[in-house]
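Novice: Per our numbering: the sequence shown ends with 496, consecutive numbering throughout.
Read the hints as simulated data drawn from the structure, not as lab findings. Note that the coordinates shown come from a computational prediction; the quantities given were computed from them, not determined experimentally. For each residue, glycine too, the CB sits at the ideal point set by N, CA and C. Certain hints may be false.
Here are the in silico distance ranges between beta carbons for each label pair [stated by the list, open to error]:
1. TYR293 <-> GLN325: 17 to 23 Å
2. PRO437 <-> PHE395: 22 to 28 Å
3. GLU425 <-> GLU340: 36 to 42 Å
4. LYS261 <-> ASN432: 20 to 26 Å
5. LYS481 <-> ARG317: 23 to 29 Å
6. ARG313 <-> ARG466: 31 to 37 Å
7. THR422 <-> GLY292: 48 to 54 Å
8. LYS401 <-> GLY337: 19 to 25 Å
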Amino acid sequence: MIRLTISNQRGGVAKTTTAVTLARCWADEGLKVLLIDTDPQASVHSLIGAKPSQFLFDFLVNGYAFKECLTRIHDNIDLLASSRDTNRAEDIISTQMAREHAFIHAFGQNETGYDVVLIDVAPSIGLFQACAMMYTRDVVVPVGMEMLSIQGALASINSADSLNHFFHKDKKVVQTIGTLPVMVDRRMQMTTTIMEALDGIANRHNVPVFPLIRTDSSVVKAGRHRQFLQDYDPKSRALEDYRALAQILRKKLGEASDANQLAAETI
């Protein structure tokens, strides 16, 4: 099973676009996907024009059944949508024991039947980011072509390392499996600077750089029309890049999951 958090503590780095497009890539391959939005800005359902009737807050706080809170946004994708009340949910859970494990308890027993759980988190240091990382364990960090995005990426990487320090005795349980250059235009001078910075992060933190996602006006237009990129422009060059990434991640995370399951059965 694939469990993945999409995180960068800088906004505007195509985090939600990455989560939604990857979810659809895997859904088109026949995988059952649970997409969870923990950002109070509620960008996921806004991006694709979904109209949820219940939200993350209703599940975590109001006691609604898990399935009642899901919105079907594709034949193979269920969305647990966020809302402005997500901030309140975070505040309430922050008072509980073992708060960083909240998503493990909340979603671990509800993930049966899914092949993928994908979480889009807010661009900030907060409890739900920690909860998401602790639950999925694997993290991808999209990075836009500007320096503040690099700073946000480093903050996310450091957050994962801190969780390992406090909860796993510095073992690499929560892993930033890679940075993802997004909105890349090779003609821009800043692109070279950012790519060199990502190479530096790779060397210092042992966080590889995934193949880049090219800049593409169809991404913006798809969002404006409240459509998946796959539906708006099936020949989009950014979509071509995302499909390649989906294959890489499926191979990497699927094989890791199989290995972990085999190890557990052997013990």
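Novice: For each hint, tell me whether it holds in the structure or not.
Specialist: Now the hints, each set against the structure:
1. TYR293 <-> GLN325: 17 to 23 Å: 18 Å, holds
2. PRO437 <-> PHE395: 22 to 28 Å: Holds - the Cβ-Cβ distance for PRO437 and PHE395, about 25 Å, lies within 22 to 28 Å.
3. GLU425 <-> GLU340: 36 to 42 Å: Taking Cβ atoms as reference, GLU425 and GLU340 lie about 39 Å apart, which means the hint holds.
4. LYS261 <-> ASN432: 20 to 26 Å: Roughly 37 Å apart at Cβ, these two residues miss the hinted range, so it is violated.
5. LYS481 <-> ARG317: 23 to 29 Å: 36 Å, violated
6. ARG313 <-> ARG466: 31 to 37 Å: 35 Å, holds
7. THR422 <-> GLY292: 48 to 54 Å: 50 Å, holds
8. LYS401 <-> GLY337: 19 to 25 Å: The hint (19 to 25 Å, Cβ to Cβ) holds, given that LYS401 and GLY337 are roughly 21 Å apart.
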